[in-house]
Structure formats: structure tokens, C-alpha cells
Amino acid sequence: MNLTLKIWRQKNANDKGKLVEYPISDISPDMSFLEMLDVLNEGLINKGEEPVEFDHDCREGICGMCSLYINGEAHGPDRGVTTCQLHMRMFKDGDTIVIEPFRAAAFPVIKDLVVDRSSFDRIQQAGGFISVNTSGNTIDANTIPINKHDADTAFDSATCIGCGACVASCKNSSAMLFVGAKVSQYALLPQGQIEATDRVLNMIKQMDEEGFGSCTNTGACEVECPKGISLENIARVNREYMKAVLKG
Amino acid sequence: MALDSKIPAGPLEDKWTNHKNSINLVNPANKRQIDVIVVGTGLAGGSAAATLAELGYNVKAFCFQDSARRAHSIAAQGGINAAKNYQGDGDSTYRLFYDTVKGGDYRSREANVYRLAEVSANIIDQCVAQGVPFAREYGGLLDNRSFGGVLVSRTFYAAGQTGQQLLLGAYSALNRQIGRGKVKMYSRHEMLDVVIVDGKARGIIARNLVTGEIERHSAHAVVLGTGGYGNVFFLSTNAMGSNVTAAWKAHKRGAYFANPCYTQIHPTCIPVSGDHQSKLTLMSESLRNDGRIWVPKHKKDVEAIRAGSLKPTQLEEADRDYYLERRYPAFGNLVPRDVASRAAKERCDAGFGVNATGEAVYLDFSAAFVRYGKEQAHIKGLNEDDAAVVRQLGQEVVKNKYGNLFQMYEKIVDQNPYETPMMIYPAVHYTMGGIWVDYNLQTTVPGLYAIGEANFSDHGANRLGASALMQGLADGYFVLPYTIGDYLADDIRTGAIPTNSPAFDEAEKSVKDNIAHLINNNGTHSVDHFHKRLGKIMWDKCGMARNAKDLESAIVEIAELRKEFWKDVRVPGTNEEFNEELAKALRVADFLELGELFAKDALLREESAGGHFREEYQTEDGEAQRRTEFQYVSAWEYKGEPKDAVLHKEELTYENIEVKERSYK
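Residue numbers (full-length UniProt numbering), protein chains in the order written: chain A, 1 to 248; chain P, 1 to 665.
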């Protein structure tokens with residue numbers, strides 16, 4: 001396959017940045033999208049040019065490190081995958097592919113396609129945990145049975161990989177799907193009940209402070225989420241928040 | 001220096017309890033005066049950092065990823081072992097200990113393994129208390145499954161992403177401490193050297209991967225939870241950034257490196273598709289609970305399949321060779337990983353590989369669809385003889401258990417594994433070797449500790465499935481936080497460690513000199529060019545089967561490649577910016593040294609044990625042949641060049657388990 005890439009190049013956070021065009025040829029449909037970028041970079045290095053920086057690590061769709069806004073969609077045109085799992089067979093010979101970083105005020109660009117998502121970490125630090133000591137001297141794991149449906153739903157929420165596609169896809173740059181998934185995991189488990197009120201208040205407060213936008217329930221986040229985190233999580237965090245506010 | 005493993009005296013089952021009762025503690029007020037650096041935030045590093053902070057120490061945690069949650073433990077799929085015996089199938093601490101020592105081909109330390117089995121049950125309790133959503137049965141209790149090399153069901157799991165759920169548990173504990181100010185987190189930082197002051201580890205040199213700044217960080221002790229070195233093979237199931245640099249720098253500063261040749265080649269990975277391949281993807285061992293592995297019995301069918309004129313689903317049962325069930329009737333498809341990998345290689349080498357490259361075998365779920373489907377049809381009162389209904393019901397059960405793995409497979413290979421068997425082939429996955437540590441997890445450098453995959457301690461020559469997660473969390477939550485106190489008790493009056501000492505000056509200078517050399521080198525080839533060549537040498541000559549001649553030539557070739565790398569590598573850009581090529585170059589430079597030591601260690605070990613298979617030492621049936629004279633740990637001391645490393649032996653003694661032929665027949 002022969003393709004034309006238009007890639008966002010930005011030297012650092014203060015640079016203005018611009019799209020630069022790169023032709024690329026002999027791309028196999030079996031390559032992953034990132035392997036295609038590897039080929040581009042190898043060529044750039046051999047020509048004495050600076051390679052395109054992008055985040056990636058596990059390359060099997062679980063670490064959440066890879067990002068990329070491809071032809072106007074977070075993680076590209078396929079559904080239920082991260083960019084590293086996107087394969088070139090999703091494109092046609094002769095296509096032009098526009099590649100940009102995840103864009104949001106709370107995700108400043110570091111360089112080229114690499115952004116800073118530490119705002120997600122700070123939201124979790126504000127309350128995304130259960131305050132038990134790691135002594136191992138807790139109760140036996142089977143002391144509290146958990147309804148399988150609740151356990152499975154908590155797991156579904158917990159499959160969020162924290163990549164930020166929801167934020168990048170949202171016209172308001174809202175992080176409600178991410179926060180909803182985190183709050184839901186704990187809200188659905190008996191272990192999470194004790195601190196439920198403080199948790200949701202603290203996490204939402206931190207989310208607002210980080211500069212994420214408000215949720216208007218357009219649902220773009222659910223469509224683009226590589227792990228299929230559903231809008232129910234947003235409904236649940238809203239309920240949890242309401243409960244917490246009413247409780248005071 | 002003579003090796004002292006510091007194994008406590010007394011009966012095996014009392015060693016850990018007695019040891020905990022007799023070692024020194026640091027009082028809570030004094031803990032506030034003590035700093036600890038933890039490098040790596042995977043299951044081992046993340047859990048250790050959280051626990052040390054919770055105990056009251058001041059912790060600085062480092063990871064090269066953009067968030068602590070992305071350490072490669074996240075990608076572990078199948079599960080975590082624990083001797084809970086919830087299934088009532090005869091499991092016990094002793095059985096988990098026994099299986100692990102046998103699985104490791106009698107090359108691990110008894111006392112460490114027993115302790116691991118002993119604390120395993122606490123891990124599950126801890127994780128459930130933290131809100132880890134393990135799989136449950138309809139009654140609300142925890143579910144289990146089986147892994148290779150054992151005869152019980154002791155593996156706890158969260159679908160096919162147990163690693164992510166456990167790591168998020170550790171990450172949440174870490175976040176709690178970051179929020180309280182007890183852990184200072186440095187993400188996008190890479191450790192490039194360890195600093196030794198008066199013979200003790202007192203800090204690290206780290207590079208800020210965003211700004212390029214070279215930073216000095218001091219502490220009273222340094223803990224490495226930096227994972228394994230599988231990426232020395234270029235292609236592996238490790239993450240792209242996984243590297244040996246922290247461990248290797250520790251080795252160069254005096255930490256002995258143990259059993260570097262013990263590598264786990266995992267039997268069920270997606271086969272290589274072409275030269276563009278950047279990494280390999282694992283298909284969890286848990287799939288062998290329900291998948292049957294086979295190749296065609298006859299060459300003519302192999303050829304027809306490769307030519308595309310025959311589909312695997314069309315081949316009659318009688319024309320299939322379920323070679324694991326044939327060779328190992330007692331364990332069948334659930335033999336340990338090393339055995340399953342060698343058996344796949346044997347069939348493919350004999351010409352029975354089922355894809356174009358001849359390097360793939362089938363992993364087939366059709367029998368499981370029928371088995372589960374009939375069960376469901378029976379429960380739901382549907383017709384058990386209706387094949388289509390049964391198959392659909394069965395597929396739903398399998399989807400529930402392994403859905404995300406099937407989806408991954410389909411996205412990568414572009415074939416639907418519900419309709420046609422998966423194709424799989426062995427790939428580098430885990431390294432049992434690592435930094436030598438004593439019973440306290442301390443390296444040969446006082447104050448320098450290694451935990452998780454970064455150390456060598458618990459898995460011998462082969463790790464059993466679902467034991468890496470167990471070891472990472474055992475080390476981080478329950479072992480290191482105790483044993484490090486014994487060392488730090490002497491430091492309560494030391495005060496903060498200054499970073500302006502000559503030792504810090506020297507370490508920083510050597511890091512900066514290396515970087516300057518790479519940036520100004522103006523060579524002709526990229527870092528990946530050298531990494532791929534190293535990987536090819538390693539795979540061809542130090543891979544699933546090794547022999548003296550190949551290993552000797554590997555040592556020479558790697559040394560030559562290393563010279564060429566330093567002369568001819570091209571690193572674009574500058575140090576003072578985000579520069580992934582520079583980060584990669586620094587990592588590959590260390591792989592080029594480790595690779596040579598790896599080959600030297602494999603050459604010395606004139607026996608076959610676990611993942612280390614020397615063609616010269618095999619039984620008539622082609623099984624690994626251990627030799628009693630090699631019942632020791634090889635611990636290598638750095639002496640300037642990898643080939644000049646000096647061997648120290650830690651003899652292994654087995655008092656609680658009979659060393660016998662490791663049979664899975």
C-alpha cells in the first residue's frame with residue numbers, strides 16, 4: 001500500500017505546531033498502525049531527519065499508553081481497539097491519513113503526538129482507592145460473597161485502561177466516562193461503600209480543577225472507547241454524586 | 001566475595017515466621033527520617049512503594065512510562081496462584097511449594113519458594129479488600145482455574161486481564177500514598193545508574209524523559225522492581241520499553257547477576273507475520289484449560305493446509321496429532337511452558353507447522369464448545385443433540401471466559417477463532433534469571449534490593465503459569481517491607497544522604513559522557529537496526545535449543561556487534577528534549593552487554609534444565625536432562641567486559657523435597 005500521512009509536528013509544549021505531509025510506500029496490510037509509523041521513523045532517521053514522537057508501550061491494547069487521533073477519531077477508524085491494535089488492513093491503497101495528538105486543555109502536548117495525561121493520575125490520587133493497609137491481615141477473601149452480576153459489572157468498569165480517548169473524542173473534553181468508570185468499580189463492590197461519599201466528591205472536584213469540560217451526554221466517548229466502557233458509568237457517577245451532595 | 005543466602009535456620013515451615021520475629025524493626029518516628037527509592041511501578045515496585053510509604057518511610061518512586069499504572073505487569077493475562085484450597089481439591093502451601101520447585105526443574109531455593117507459597121493466600125485477601133474484581137461464581141464466591149504443571153485449580157483471575165486488575169489495585173494503594181504526600185512519584189523518568197557511597201547503595205541517577213535533565217536522587221536504600229530482560233531478543237511479549245538498564249547498571253556497580261540464561265519461551269503466542277514485526281502477542285496459558293493443541297498427522301495434509309486447499313476444520317479427528325496429549329497423557333495440554341514450547345518446536349522442525357513460515361501449530365476450542373454447550377443445553381432444557389445450538393451455547397461460555405483474548409487474536413490475525421482454530425507458536429516471555437538476592441531480597445550490594453522479575457529468586461529454570469503475579473506482589477507487599485527494615489535499622493541516625501558527594505559526581509559524569517557519545521556519534525544505522533541484529537543472534541543461538549558451538553559464536557558476534565553499535569549508531573536530536581531514540585539507544589547498549597553474559601552462562605551450564613535446553617544433554621525421548629553437578633545458582637560478578645565475568649556458585653540443597661526426574665507423563 002502507498003499512503004500519504006499528514007502528521008502533527010510540534011517541537012515542544014511552547015511550539016505552535018503544524019501538520020507535515022509524508023508519503024509512505026510498501027506498507028503491508030498486516031502491519032499494525034504503530035509498525036507503519038516505525039517504518040516511517042526508520043526512513044526519517046536514515047535520511048537524517050527527526051523521527052515522529054508518539055507514545056506506545058505494550059502494543060497489545062492494555063497499557064493505555066498509545067493515543068493518536070486518526071482521521072478525526074481517537075484510536076482510528078476501527079472499533080474496540082487501541083491504536084496499537086489498529087491494523088493497516090483498515091485503510092486502502094492511496095489513502096491520506098491525518099494523525100494528530102489527543103487534544104484537550106487537560107492533556108497538554110509534550111512533543112509531536114505525545115501528550116501529558118498526568119491529570120488522570122491526580123484524579124485517582126484524590127480518591128480512586130479503598131483505604132485499606134497493605135498488611136495482608138484483612139479478612140479472608142471469601143468472607144463477603146458478591147453477587148456475580150455486580151462483580152461482573154464492576155469488572156466491566158475496571159477494564160478502563162486510562163488512555164484518554166473519551167476526553168479526546170468529547171467536544172467538551174469531559175473526563176466523565178473515565179471518572180464514571182473508576183467511581184463505578186468501587187460503587188458496585190461492598191468494599192467500596194465505606195468511603196463512597198468522600199470518593200466521588202473528591203474525584204469530581206479534582207476533575208474540575210484539572211480543566212476537563214462538562215458532560216452533555218452526547219455519547220461520543222462510548223463510541224470511541226477501546227474497552228467498551230458504557231454510558232451507564234456516567235449515569236452511575238451522577239447518581240453517586242447526587243447522593244453524596246444530598247448527604248452533605 | 002562469598003555468597004551468603006542468609007537462609008534462616010529451623011524447619012522449612014517456621015523459617016519465615018521465626019525470621020520476622022527476630023529481625024530488627026525501625027520505630028515509626030525513625031521511619032520518618034528514612035528515604036527509600038523504588039524504581040519501577042509494576043506489581044513488585046508499585047506494591048513495595050505503597051507499603052513502604054504506609055509503614056512511614058519517605059518513598060520516591062520512578063517509572064519510565066507516563067503513569068505508574070502502565071508498567072508491563074498490566075499485560076499479564078491469565079491469573080495469579082494462591083494456595084487457598086477453595087476448591088477442596090487437595091491444595092496446600094506444601095503443594096504449591098512442591099509444584100513450583102518441580103516446575104522450576106529443581107533450580108530454585110527451597111526457603112524462598114516456601115515463603116512465597118506461604119504468603120500467597122494473603123495476596124488474594126489483600127486484593128479483594130482493595131476492590132480487585134476477581135471472577136466469581138454464581139454463589140458469589142471466588143472462582144478458580146487451572147494452569148500448566150499442576151493438578152489442582154488454584155488460579156484466581158479477572159477474565160483475561162488479571163495483571164491489569166492487580167496492578168490497578170497496587171496503583172490505587174500507591175495513589176493513596178501519593179495523595180498523602182508519603183510517595184513522591186517521578187513518571188517519565190529512567191534510572192541510568194545506581195550510586196554507591198562507602199559500599200552502600202545511596203541513590204540513583206535518573207534522566208527526565210521529557211526535559212532530558214540528568215537528576216541526582218539520594219536515599220538510604222534503593223529497591224529495583226524493574227522487570228525482566230526478554231527484550232534482549234528484540235521480539236518478545238514484553239512491552240517496547242521493557243529493558244535491563246537498571247538491573248545491568250546495578251550489576252556493573254557490584255550486584256551479581258544470576259542465571260541469565262534461564263529464559264521462558266511461552267508456547268502460546270501469535271506467530272510472527274513479517275519483517276515489520278515490532279513485538280509478539282501472548283495468548284494466555286489459561287486457554288490450554290479448554291484448547292487442544294494439534295498439528296496434522298500427515299505431511300500431505302500439512303501441505304494442503306499451507307496451500308489453502310484444505311481448512312483445518314475439515315480434517316478428520318483421526319488425521320490430527322494431539323501431540324501433547326499423546327506424549328504427556330497425565331498432564332496433556334497443561335504441561336509446563338518449557339515442555340509445551342519444545343514439543344511445538346519439535347513438530348515444526350519435523351515439518352508439521354501449519355502456516356506459510358512452517359512455525360505454527362493449532363490451538364483448537366471446538367471440543368470445548370461441544371462440552372460446555374451440552375452442559376448449558378442440559379441446564380436450559382434445550383436439545384443436547386442439536387449441534388448448532390450446542391456450539392452456539394458453548395461459544396458463549398468460552399466468550400465469557402476468554403472473550404478479550406479471542407478479540408485480540410481476531411484483530412491481529414484477521415481470522416475468527418470461534419470458527420477456525422487459533423495458530424500459535426512459542427515466543428520469549430519471561431526471564432527467570434536476574435539480579436542475585438539473598439533471602440532478604442538484598443543484592444550483593446548492601447542497601448540495594450531487587451524484587452519481582454528483576455531478581456532471580458523463586459522460579460528456578462522455569463516459571464509456572466500465574467506465578468509471576470504471585471511473586472511480584474509477595475515481594476512487594478509482604479516480604480521486602482519486613483526485610484528492608486532489618487537493614488534500615490542501622491540508618492536511623494544517618495540523616496539525609498547528600499547528593500554532592502564524589503560518588504554522585506562520578507556516576508552523573510559517566511551517564512552524561514555516554515549520552516554525549518551517542519548524540520554526537522553521527523553513525524549510519526538506527527538503534528532498531530542493531531537491536532534487531534542482536535535479537536536474531538539471541539533467537540538463533542540462545543533460543544529454545546542451544547549448543548556449545550552456537551553459544552561460542554554468539555559470544556563473539558555479540559561483542560563485535562556491540563563495538564559496531566558504539567561506532568556506528570545514529571541517534572537524532574539532542575539530549576535536552578523528549579527523545580525516544582536516545583532512550584532506546586541507552587537501553588540497547590545494555591542489552592548488548594547482557595546478551596554476551598547470557599550466552600556465556602548458557603555455555604557454562606552443560607545440562608538441560610527448564611527453559612535452558614542444551615541439545616547435547618537430552619534423554620532418549622528428547623526431554624531435558626539435568627545433571628547433579630550443576631545443582632547450583634550461577635551468580636556472575638562484573639569485571640569490565642561481560643566475557644570476563646567471574647562465576648560464583650550458590651549450591652542448592654533440597655531437604656524437603658526429593659529431587660527426581662521431572663516427569664509430566
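Incorrect hints may have been included.
[What the hints assert, rightly or not] What the simulated footprint calls covered on chain A by chain P, stretch by stretch (three residues with Cβ under 8 Å from a Cβ of chain P suffice, anywhere in the stretch; the number is not a length):
hint	segment
1	157-168
2	218-224
[As the list claims (entries may be wrong)] Calculated cross-link-like contacts (lysine to aspartate or glutamate; reagent style EDC-like; alpha-carbon spacing at most 20 Å):
hint	chain 1	residue 1	chain 2	residue 2
3	A	Lys92	P	Asp125
4	A	Lys148	P	Asp125
5	P	Lys252	P	Glu508
6	A	Lys16	P	Asp125
7	A	Lys148	P	Glu564
8	P	Lys584	A	Glu53
9	P	Lys584	P	Glu616
10	A	Lys148	P	Glu576
11	A	Lys11	P	Asp414
12	P	Lys665	P	Glu620
13	P	Lys252	P	Glu620
[To be verified] Rough simulated footprint, nothing fancy, chain P against chain A, three-plus residues with beta-carbon under 8 Å:
hint	segment
14	2-9
15	53-67
16	186-195
Please keep in mind that the hints were generated in silico from the structure rather than gathered at the bench. The beta-carbon is built from N, C-alpha and C at its ideal position, and this holds for glycine as well.
Checklist entry - Hint by hint, which ones does this structure get wrong, listed from lowest number up? => result 2, 3, 6, 7, 9, 10, 11, 13, 14
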